[in-house]
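Asks: One-letter residues, chain by chain:
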Amino acid sequence: MASRLLWASRAASYLRISVFNRGFASVVKDLKYADSHEWVKVEGTSATVGITDHAQDHLGDVVYVELPEVGASVSQGDSFGAVESVKASSDIYSPVSGKVVEVNEELNTSPGLVNASPYENGWIMKVEIGNTSEVNNLMDSDKYSKFCEEEDAKH
Amino acid sequence: MSAPQSRNIGPPLMNLVRFKGFPILQQLHLEEQLLRTSSENWCIVNDGTDDPTIVMGISGGAAELLDIKSVLRDGIPVIRRFTGGGTVIVDSGTVFVTLICNKEAVTGLQPYPRPIMFWSGLFYAKVFHGIGDFHLRENDYVFGTRKFGGNAQSITKNRWIHHTSFLWDYDVRNMAYLKHPKRAPEYRLARDHLEFVCRMKEYMPRAVFIDKTVEVLETDFSVRSIEPNGLASLLNTEFCPSTRLLTRQELEAVAFASQVESSLSLETTS
Numbered sequence: 001m002a003s004r005l006l007w008a009s010r011a012a013s014y015l016r017i018s019v020f021n022r023g024f025a026s027v028v029k030d031l032k033y034a035d036s037h038e039w040v041k042v043e044g045t046s047a048t049v050g051i052t053d054h055a056q057d058h059l060g061d062v063v064y065v066e067l068p069e070v071g072a073s074v075s076q077g078d079s080f081g082a083v084e085s086v087k088a089s090s091d092i093y094s095p096v097s098g099k100v101v102e103v104n105e106e107l108n109t110s111p112g113l114v115n116a117s118p119y120e121n122g123w124i125m126k127v128e129i130g131n132t133s134e135v136n137n138l139m140d141s142d143k144y145s146k147f148c149e150e151e152d153a154k155h
Numbered sequence: 001m002s003a004p005q006s007r008n009i010g011p012p013l014m015n016l017v018r019f020k021g022f023p024i025l026q027q028l029h030l031e032e033q034l035l036r037t038s039s040e041n042w043c044i045v046n047d048g049t050d051d052p053t054i055v056m057g058i059s060g061g062a063a064e065l066l067d068i069k070s071v072l073r074d075g076i077p078v079i080r081r082f083t084g085g086g087t088v089i090v091d092s093g094t095v096f097v098t099l100i101c102n103k104e105a106v107t108g109l110q111p112y113p114r115p116i117m118f119w120s121g122l123f124y125a126k127v128f129h130g131i132g133d134f135h136l137r138e139n140d141y142v143f144g145t146r147k148f149g150g151n152a153q154s155i156t157k158n159r160w161i162h163h164t165s166f167l168w169d170y171d172v173r174n175m176a177y178l179k180h181p182k183r184a185p186e187y188r189l190a191r192d193h194l195e196f197v198c199r200m201k202e203y204m205p206r207a208v209f210i211d212k213t214v215e216v217l218e219t220d221f222s223v224r225s226i227e228p229n230g231l232a233s234l235l236n237t238e239f240c241p242s243t244r245l246l247t248r249q250e251l252e253a254v255a256f257a258s259q260v261e262s263s264l265s266l267e268t269t270s
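The listed protein sequences derive, respectively, from chains A and B.
Everything in the first sequence is counted per UniProt numbering, starting at 1 for the first residue and increasing by one.
Everything in the second sequence is counted per UniProt numbering, starting at 1 for the first residue and increasing by one.
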């Protein structure tokens, strides 16, 4: 713990700014969450996917979203695209398996929607899912909130 | 790729590979492969690349970033790499340093873009201790207000890469291939390339920089040198990198589209 605190304080004083996230992040009750910080809203066999408030807050200002192609197959836990922020491309992972039926083209011109509205206007793709029971592998909002707290506490 | 790491016993293991004049496209392919298929920590140092080459980030658009006419006229290769960040023209005067790490490699470091960038600033503050007025400024390495190091990163579920192009020296003529980017840091203050960047060679000898970087690496990691020709046996030949050279046809299409766009805007304004 001592070395972590030392690292954080040295970083902050060196940069003379706060480098840390705001320390809380919103979750939405009826969504399911992956440990790689994507959410999914399942309606029948249709699943809408995006990244969580916790993810967007930690990533910083998103300047580009690499969308998958409509018709592409995605698998639960596999990367399907990337978001760019702070000179970094960060992989994003599909919480469900299936076929991409729609992508949020708005993000091509307004990638910042991922920051401004992660659970609504910042959605990334819609997937036709084959196996709905896969969703049981994901966390509910309470479990995900605890998971985020624990993850932040480690650092 | 599966050599055991000595976890919990001393500092983490870091494999160090040093190149001289390694072509940048091959370097980026190697880095992408090490990020995605290895489970070890790597530091790649490449002392210059061969011919002048433009390297854009994952979201780089040639029309917006390049003087496409002169790039095509002079046959300058253009690469789109797998990491984020901006555009750079590299040549024998550029020194590249890359760190590819597991998430646990640096104690307390949260594997997100800002913390990794800040940690890198602390790392290089040790390298440049007592030399110039080094700062990490809006994600660039600067002496005072002049940039000499450009950073780019990529983060996967379990690993991250942070790589830097250090402008040891540059050819003024090559800067004309790059347009003033729309997404420029605030501290640039609309300065053109030549007023914005500086040459590292005015601050320290090239070999001293590389030696000092390795020395600082040794304070955080247990460093093991690997010969470049020993890498082939560790790499999977099936790996398909996303970093690629843009074709001449692609660049010509961009040039054509820009021409059409500018004639249309001339028509509307006339």
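Source of the hints: derived by calculation from the structure; they are not laboratory data.
Here a beta-carbon is modelled for each residue, glycine too, at the ideal position from N, C-alpha and C.
A few of these clues could be false.
Below, in silico cross-link-like pairs of lysine to aspartate or glutamate (EDC-like), each with a Cα-Cα straight-line distance of 20 Å or less [what the hints assert, rightly or not]:
1) B:Lys-157 to A:Asp-57
2) B:Lys-179 to B:Glu-104
3) A:Lys-154 to B:Glu-104
4) B:Lys-157 to A:Glu-105
5) B:Lys-212 to B:Glu-104
6) A:Lys-126 to A:Asp-142
One side of the interface only, derived from the structure: several residues of chain B facing chain A at Cβ under 7 Å [stated by the list, open to error]:
7) Ser-59
8) Gly-61
9) Ala-63
10) Gln-153
11) Phe-239
12) Ser-242
13) Ser-258
14) Gln-259
Asks: Now tell me if each hint is right for this structure.
Replies: Okay, the hints, checked on the actual structure:
Distance check on the hinted pair: Lys-157 of chain B and Asp-57 of chain A sit about 17 Å apart at the alpha-carbon level, within 20 Å; holds. Proximity of Lys-179 of chain B to Glu-104 of chain B is assessed by CA-CA distance (about 39 Å); at most 20 Å being required, the pair is judged violated. With a CA separation close to 11 Å, the supplied pair Lys-154 of chain A and Glu-104 of chain B stays within the 20 Å bound. Distance check on the hinted pair: Lys-157 of chain B and Glu-105 of chain A sit about 25 Å apart at the alpha-carbon level, beyond 20 Å; violated.
Restraint check for Lys-212 of chain B and Glu-104 of chain B: not satisfied, since their Cα atoms lie roughly 24 Å apart, outside the 20 Å limit. Taking the CA atoms of Lys-126 of chain A and Asp-142 of chain A, the gap is near 24 Å; set against the 20 Å cutoff, the hint is violated. Here the hint on Ser-59 of chain B is kept, as its CB sits about 4 Å from the closest CB of chain A, short of 7 Å. Given the 7 Å rule on beta carbons, the hint for Gly-61 of chain B is violated: about 10 Å separates it from the nearest Cβ of chain A.
Below 7 Å, beta-carbon pairs count as interface contacts, and Ala-63 of chain B has none with chain A, the closest being about 15 Å; its hint is therefore violated. Evaluation of the Gln-153 of chain B hint against chain A yields a held restraint, the C-beta minimum of about 4 Å falling below 7 Å. Hint status for Phe-239 of chain B: violated, given a least beta-carbon distance of 15 Å to chain A, over 7 Å. Because the beta carbon of Ser-242 of chain B sits about 9 Å from the nearest beta carbon in chain A, more than 7 Å, this interface hint is broken.
Because the closest C-beta pair between Ser-258 of chain B and chain A is about 18 Å apart, greater than 7 Å, the hint is violated. The criterion of a C-beta within 7 Å of any C-beta in chain A is not met by Gln-259 of chain B, whose closest approach is roughly 23 Å, and the hint is violated.
In summary, the structure is inconsistent with hints 2, 4, 5, 6, 8, 9, 11, 12, 13, 14 from the numbered list given earlier, while agreeing with the others.
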